Structure formats: structure tokens, C-alpha cells
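Chemist: Sequence:
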Amino acid sequence: MLTRKQHELLRYIHERLKESGVPPSFDEMKEALGLRSKSGVHRLITALEERGFIRRLPNRARALEVVRLPESVAPGLKPAPGRFSPSVIEGTLGRRRPSVESEPDEAPPAYVPVMGRIAAGVPISAIQTRSHTVSVPPEMLGGGEHYALEVRGDSMIEAGILDGDLVVLRRTDTADSGDIVVALVDEEEATLKRLRKRGASVALEAANPAYETRIFGPDRVQIQGKLIGLIRRY
Numbered sequence: 001m002l003t004r005k006q007h008e009l010l011r012y013i014h015e016r017l018k019e020s021g022v023p024p025s026f027d028e029m030k031e032a033l034g035l036r037s038k039s040g041v042h043r044l045i046t047a048l049e050e051r052g053f054i055r056r057l058p059n060r061a062r063a064l065e066v067v068r069l070p071e072s073v074a075p076g077l078k079p080a081p082g083r084f085s086p087s088v089i090e091g092t093l094g095r096r097r098p099s100v101e102s103e104p105d106e107a108p109p110a111y112v113p114v115m116g117r118i119a120a121g122v123p124i125s126a127i128q129t130r131s132h133t134v135s136v137p138p139e140m141l142g143g144g145e146h147y148a149l150e151v152r153g154d155s156m157i158e159a160g161i162l163d164g165d166l167v168v169l170r171r172t173d174t175a176d177s178g179d180i181v182v183a184l185v186d187e188e189e190a191t192l193k194r195l196r197k198r199g200a201s202v203a204l205e206a207a208n209p210a211y212e213t214r215i216f217g218p219d220r221v222q223i224q225g226k227l228i229g230l231i232r233r234y
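In this note's numbering, the protein residues as written are 1 to 234.
Simulated from the structure, these hints should not be mistaken for lab results. Be careful, since some hints might not be right.
Once the Cα atoms are required to be at most 25 Å apart in a straight line, the calculated BS3-like pairs of lysine-lysine come out as [as the list claims (entries may be wrong)]:
#1 K18 to K38
#2 K226 to K197
#3 K30 to K18
Note that the coordinates shown come from a computational prediction; the quantities given were computed from them, not determined experimentally.
Using the sequences and the accompanying hints, generate a full structural model.
Modeler: See the structure below:
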């Protein structure tokens, strides 16, 4: 769910990119939304980026990319099949960002428990007990139970998941081929990998060519969660 101002700014950026291929300047965005200062624009941009609607492109001035639009604007718009586009929350671990000016309807954050560490590399011990909680935008979560794990290793770097990230997962025991999941192997090793179903076998596939795909019988792998987003600290 976006606030009214966030929705207006996202639509304005999207329309400008469609018309000219160049995103508007902060001054243009300030004028278009009737804000008093560019700091208000900056907070709106940051909120949209945290919610996974836009992305700031590095090393380019005024470079903004619309990643997705709300269902009310573009029904059914989804990432390309087989490509995970994580919702990255930058630098907000454990605290709530200030509300955007004149935005009393800003939704409060949701909280999910952090359940220890997960290997994105050589599997480590199974999921631990809850250590603390972390705040996430409520738009990231759907129905069901959710939890977070700290990533250790580099086997998923080509999927945009780095060592030290916190991955947010929906608890489930089923997943489709191509989903990034937490898998428990032989009831003792937990790992974060992309699931591939190969006939009667289950493959756990890394997103780093330095790691081999591991193949198991279906009775050796239990799905414990499906990746829906991640949190990154800088």
C-alpha cells in the first residue's frame, strides 16, 4: 500500500519516462506534487525505493528506473519468469524512517522474527531459535507467517543476495521450481538456494558458478520458507 503522495510521484516518474525516457529532476517533482522542499521529494523517493517500486541507478545523475507499478496502475505486472527481483530495504534495520511530510496515513512497519543464520554457500546448522525482530514495510508481506534469516556466504550473489543480508521469507513447506527457498537437508543442514525439480529428484541450485548444484531424493529435502524480499545494511 502506498500513500497518496507516493502513488502520485510514482505515476509522475513513470509518465515522464514513457514520454521522454528521462526521469524528472527533483525540482520538477517538487513542483508537480506541490511540496515545499526537495527534502520531501527525497523522502518519497526513498520510500518508493524501499518498497521495491523504483531503483536508483549507480554512477548516473538523476537516474531512476521504475521497477514495478501498483496493481491499481498496472494489473498483473510481474518480474520476468525465472528472475528474482528482490525488494531491498537499505539502512533501516530495526528502526522506522521518519514519516513523509503531510502524510498522516503512512502505514506503520510490520515486524518479523529473526531466526538466526542461513548459508548461501556450504550448508550450516538448521534454523536457530528467535533472536530478535526486524521491521519491514507491511507491503512486503502477504498472508501467512514470516521470518528472517541472516545470510552467510556468497553462493547467491548473482540473484542479488549478498553475505550479511537479511532475507525475509514466508513460511511454507511447498515451492515451485525456480523459487528461492530455505531448504533443510537430512533434517540437519539449512541452506538458501534456488529450487529445481528434476523428475523425482530435487536440485538445490546456487546463483554463483563457483558452487555446484546439489541433487537429492525428495525425502531428504524439506522446504521451510520461500524468499519474498531482503534487507541490506550499508
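Chemist: A separate judgement is required for each hint: does it hold in the structure or not?
Modeler: We went through each hint and held it up to the structure:
Only pairs whose Cα atoms come within 25 Å are accepted, and K18 paired with K38 is accepted, the gap being roughly 23 Å. Our distance criterion of 25 Å between C-alpha atoms is met by K226 and K197, whose separation comes to about 15 Å. With a CA separation close to 19 Å, the supplied pair K30 and K18 stays within the 25 Å bound.
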